[in-house]
Amino acid sequence: MTETAMSPVHSKQHGTPVLSARNVVKHFPVHSGGVLRRRIGEIHAVCDVSFDIYPHETLGLVGESGCGKSTTARVVLNLQPATGGTVEFEGKDLGELSSKEMRRLRRSLQIVFQDPYASLDPRLPVNEIVAEPLRIHGLYENGGKDRVRELLKTVGLRPEHGNRFPHEFSGGQRQRIGIARALALEPKLLVLDEPVSALDVSIQAGVLNLLQDLQAELGLSYLFVSHDLSVVRHIADRIAVMYLGKIVETAPAEELFQNAAHPYTQALISAIPVPDPRKERSRQRIVITGDVPSPANPPSGCRFRTRCPKFANQLTDAQREKCKNEEPQLVDRGQGHPSACHYAESLQLI
Amino acid sequence: MSTTDPTATTADPVLEVADLNVQFPTDDGLVQAVRGVNYTLRRGEVLGIVGESGSGKSVTSLAVMGLLPGTARISGSVRFQGRELLESDDKELSKVRGRGISMVFQDPMTSLNPVYTIGDQIAEAIMAHHDIRKDAARKQAVELLDLVRIPHPEQRANAYPHELSGGMRQRVVIAIAMANRPDVIIADEPTTALDVTVQAQILEALRTAQQETGAAMILITHDLGVIAGQADRVLVMYAGKVVEAGTADEVFYTPRMPYTLGLLGSLPRLDVKTDRLTPIAGSPPSVVNMPPGCPFSPRCPLAQDICETEEPALEPGPNPDHLGACHFSYRVEGHEPGDLFSEQADDATPLPAGTNEGEARR
Chain A
1 MTETAMSPVH SKQHGTPVLS ARNVVKHFPV HSGGVLRRRI GEIHAVCDVS
51 FDIYPHETLG LVGESGCGKS TTARVVLNLQ PATGGTVEFE GKDLGELSSK
101 EMRRLRRSLQ IVFQDPYASL DPRLPVNEIV AEPLRIHGLY ENGGKDRVRE
151 LLKTVGLRPE HGNRFPHEFS GGQRQRIGIA RALALEPKLL VLDEPVSALD
201 VSIQAGVLNL LQDLQAELGL SYLFVSHDLS VVRHIADRIA VMYLGKIVET
251 APAEELFQNA AHPYTQALIS AIPVPDPRKE RSRQRIVITG DVPSPANPPS
301 GCRFRTRCPK FANQLTDAQR EKCKNEEPQL VDRGQGHPSA CHYAESLQLI
Chain B
1 MSTTDPTATT ADPVLEVADL NVQFPTDDGL VQAVRGVNYT LRRGEVLGIV
51 GESGSGKSVT SLAVMGLLPG TARISGSVRF QGRELLESDD KELSKVRGRG
101 ISMVFQDPMT SLNPVYTIGD QIAEAIMAHH DIRKDAARKQ AVELLDLVRI
151 PHPEQRANAY PHELSGGMRQ RVVIAIAMAN RPDVIIADEP TTALDVTVQA
201 QILEALRTAQ QETGAAMILI THDLGVIAGQ ADRVLVMYAG KVVEAGTADE
251 VFYTPRMPYT LGLLGSLPRL DVKTDRLTPI AGSPPSVVNM PPGCPFSPRC
301 PLAQDICETE EPALEPGPNP DHLGACHFSY RVEGHEPGDL FSEQADDATP
351 LPAGTNEGEA RR
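Residue numbers (UniProt numbering), protein chains in the order written: chain A, 1 to 350; chain B, 1 to 362.
Certain hints may be false.
Straight-line C-alpha distance at most 25 Å; calculated SDA-like pairs for lysine to any residue [claimed, not checked]:
(1) B:Lys273 x A:Leu214
(2) A:Lys153 x B:Arg269
(3) A:Lys153 x B:Glu343
(4) B:Lys139 x A:Gln258
(5) B:Lys273 x A:Lys153
(6) B:Lys139 x B:Ala159
(7) B:Lys95 x B:Ala159
(8) B:Lys273 x A:Glu255
(9) A:Lys279 x B:Ala281
(10) B:Lys273 x A:Gln258
(11) A:Lys279 x B:Lys139
(12) A:Lys279 x B:Arg269
(13) B:Lys134 x B:Gln106
(14) B:Lys273 x A:Ala216
Anything over 10 Å on all C-beta distances counts as not near chain B; from chain A, calculated [to be verified]:
(15) Gly34
(16) Glu64
(17) Ser99
(18) Arg123
(19) Lys145
(20) His234
(21) Phe257
(22) Ser270
(23) Pro273
(24) Val292
Chain A stretches covered by chain B per the calculated footprint, using a threshold of three residues with CB under 8 Å from any CB of chain B [to be verified]:
(25) 195-207
(26) 260-269
(27) 274-282
Calculated directly from the structure, the hints in this document are not laboratory data.
Source: prediction; values computed, not measured.
Where is the CB? At the ideal position from N, CA and C, for every residue including glycine.
For reference, chain A alone in the conformation it holds in the complex:
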């Protein structure tokens, strides 16, 4: 990769970032079958991703399946070690911490998973699920019981239901239990990995409101990973759009929708249906063809060029050569925010 650090996702907010990711790379080895299991290639899940998250702020990380957004979230939490690059939390490089130090730091860094059915132990009552982090960190003895009651109340559940088991709760309530567990150690940053995509629409709204309230009350920072741009627009202060392991565009939420610069962001925005029949019928559509290429063998130059409508329809052959040979950097090209397209152009789609 290039020596100069790619311009990180800038924030208009001041102060020191809670979390900074710089040039994070994560490759997964692909092994051959058989006894020898030779290494025959690599999946480039995350390639040179940089961003900052500031206090009290929500960064939305959006993209389609396989774009590396969940892997990025796991690398940020040090659940999977990065192949390259650094992740700093409050100035400490996670890669250089001993496991003892990392364990202490985990109190500040928590995660809420997508599937509220799989992420709660079915054999533990809710009180125990929420108390588990407190016990592990030796904090339960000092008023842990009251703390659990308080946490359940915070997420909108009744403390007297704490003796029940997860199967007695609905999906939305289970997701609230997962949030209570994540809050138990008073974290500073919550990584939310598709926290509402398993929920029905009418339930999803309540969980989103809860997340907003918690942020306001507790001053949390969120890394909100989602495939749903509508949800991200609603909850995020800034948005980073990922495609095939790279951030292709990043901007404050409103600006991204007013001024989308990268053809992929534009296609993504125009592909999402809006629950308004008249608007939906009259909308400008940018339909992209084909599927996401394999991350084991990404295209040269710009990774989006194989599906890019601009590359296919608007560019001259000479311009296309640049897309094929030169990887576009994530920099501001006159649209007011960084985008990784040689021929970025602002477009308002809604």
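Starting from the known structure of chain A, arrange chain B on it as the hints suggest.
Just chain B now, kept in the frame of chain A:
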């Protein structure tokens, strides 16, 4: 062929479902999955059925196709071009399935056979209803693949399902669905398993299929955005019943049922900046041993005593084609979701055991 009859008017019904009830006996009691559903599908139109998990939207269409398990108790009437389907035996239904009514399911991997090439599977569908040689059917299969925009259709016809991406597989399923120029295509959550950019392509392929065959389409989805863009008319389902029916514009702009309004208020929007969503309190009810009264009443901000004792019928309002099942429809009209629903919905009420709850959706 009847499908291409240009004189057919749009008001001509192809499928009439009347008082359809589906019940499943279980250890916990009778599951009333569908309770008295009525609708008419007119030639060439797209009817959207929207509802959350467990609302009965899929079971309704499986009943139409005669695909429910033997334990299901089905009553009512399903008439396809005047012919009663519920009384037909499996042999008669086989003639209708694929030729008269065809279906596109949610998961294209499980609806295709992994050990046959896609060309063979499309050809099989054609040969099931036409006396045609295999090579001719294969040729038609390639044309169909081209129609749903699969690149290099001649070569792709020899591919197996696992060699294709999810979006490509769903196109193959659509090609099979349109192979016999059916009169009705039922698409049950056809894009739920797919990414949004692929969803846009599949919706386009479905449109093509519908226009090429002149078929009417039933589009079942939980996504109000998809419904808004695709459907001419909309049915909103809740707890096994149709609770609102009308044109897309009527249902989205002037809903008559608090549930519809609540759904619209809980959606984060791509096109407008929303500071606060207005969720619907509580969870969808259990469809086991349903209590009397309106099933939405425990979650409804307008509920009165009558709502707990008497289930409202699906009735027209000022506009005879726009139906709503609410005692207080007049109080819903002209309101924004935020007028009725509180932002601080309390999700603390525990559920009774055996509540039908949303399956995880990815």
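Hint by hint, here is what the structure shows:
For the given pair, B:Lys273 sits about 20 Å from A:Leu214 by alpha-carbon distance, which is consistent with the 25 Å threshold. For the given pair, A:Lys153 sits about 29 Å from B:Arg269 by alpha-carbon distance, which is inconsistent with the 25 Å threshold. Between A:Lys153 and B:Glu343 the CA atoms are separated by roughly 17 Å; this keeps the pair inside 25 Å, and the hint holds. Proximity of B:Lys139 to A:Gln258 is assessed by CA-CA distance (about 47 Å); at most 25 Å being required, the pair is judged violated.
Among the hinted pairs, B:Lys273 with A:Lys153 is inconsistent with the structure: their alpha-carbon atoms are about 29 Å apart, more than 25 Å. Among the hinted pairs, B:Lys139 with B:Ala159 is consistent with the structure: their alpha-carbon atoms are about 15 Å apart, no more than 25 Å. For the given pair, B:Lys95 sits about 28 Å from B:Ala159 by alpha-carbon distance, which is inconsistent with the 25 Å threshold. About 12 Å separates the Cα atoms of B:Lys273 and A:Glu255, which keeps this hinted pair within 25 Å; it holds.
This hinted pair does not check out: A:Lys279 and B:Ala281 have alpha carbons roughly 29 Å apart, beyond 25 Å. This hinted pair checks out: B:Lys273 and A:Gln258 have alpha carbons roughly 11 Å apart, not beyond 25 Å. Between the alpha carbons of A:Lys279 and B:Lys139 the distance comes to roughly 40 Å, so the proposed pair goes past 25 Å and is violated. With a C-alpha separation of about 12 Å, the suggested pair A:Lys279 and B:Arg269 falls inside the 25 Å cut-off, and the hint holds.
Distance hint between B:Lys134 and B:Gln106 is unfulfilled; the C-alpha atoms sit about 29 Å from each other, more than 25 Å. This hinted pair checks out: B:Lys273 and A:Ala216 have alpha carbons roughly 19 Å apart, not beyond 25 Å. With a closest Cβ-Cβ approach of about 20 Å to chain B, A:Gly34 is found to remain outside the 10 Å limit, as its non-interface label requires. With a closest Cβ-Cβ approach of about 4 Å to chain B, A:Glu64 is found to fall inside the 10 Å limit, against its non-interface label.
Under the 10 Å C-beta cut-off, the non-interface status given to A:Ser99 relative to chain B holds; the minimum distance is some 32 Å. With a closest Cβ-Cβ approach of about 18 Å to chain B, A:Arg123 is found to remain outside the 10 Å limit, as its non-interface label requires. Distance check for A:Lys145 against chain B: the nearest CB is about 19 Å away, which clears 10 Å, and the non-interface claim stands. Not every C-beta of chain B lies more than 10 Å from that of A:His234, the closest at about 4 Å, which undercuts listing it as non-interface.
Chain B draws A:Phe257 into its interface by the beta-carbon criterion, the shortest separation being 8 Å against a cut-off of 10 Å. For A:Ser270, the condition that its CB be more than 10 Å from all CB atoms of chain B is violated, with the nearest at approximately 8 Å. Once the 10 Å rule is applied to beta carbons, A:Pro273 is inconsistent with being away from chain B; the minimum gap is 3 Å. The claim that A:Val292 lies off the interface is violated: its Cβ sits roughly 8 Å from the closest Cβ of chain B, which falls inside the 10 Å cut-off.
A stretch counts as covered by a chain when three or more of its residues have a beta carbon under 8 Å from one of that chain; for the segment 195-207 of chain A and chain B the count is 10, and the coverage holds. As drawn, the segment 260-269 of chain A meets chain B at 3 residues by the rule of a beta-carbon pair under 8 Å; at three or more, the given contact holds. Under a criterion of three residues with beta carbons nearer than 8 Å to beta carbons of chain B, the stated coverage of the segment 274-282 of chain A is upheld, 8 such residues being counted.
Hint check: violations occur at hints 2, 4, 5, 7, 9, 11, 13, 16, 20, 21, 22, 23 and 24; the rest are consistent with the structure.
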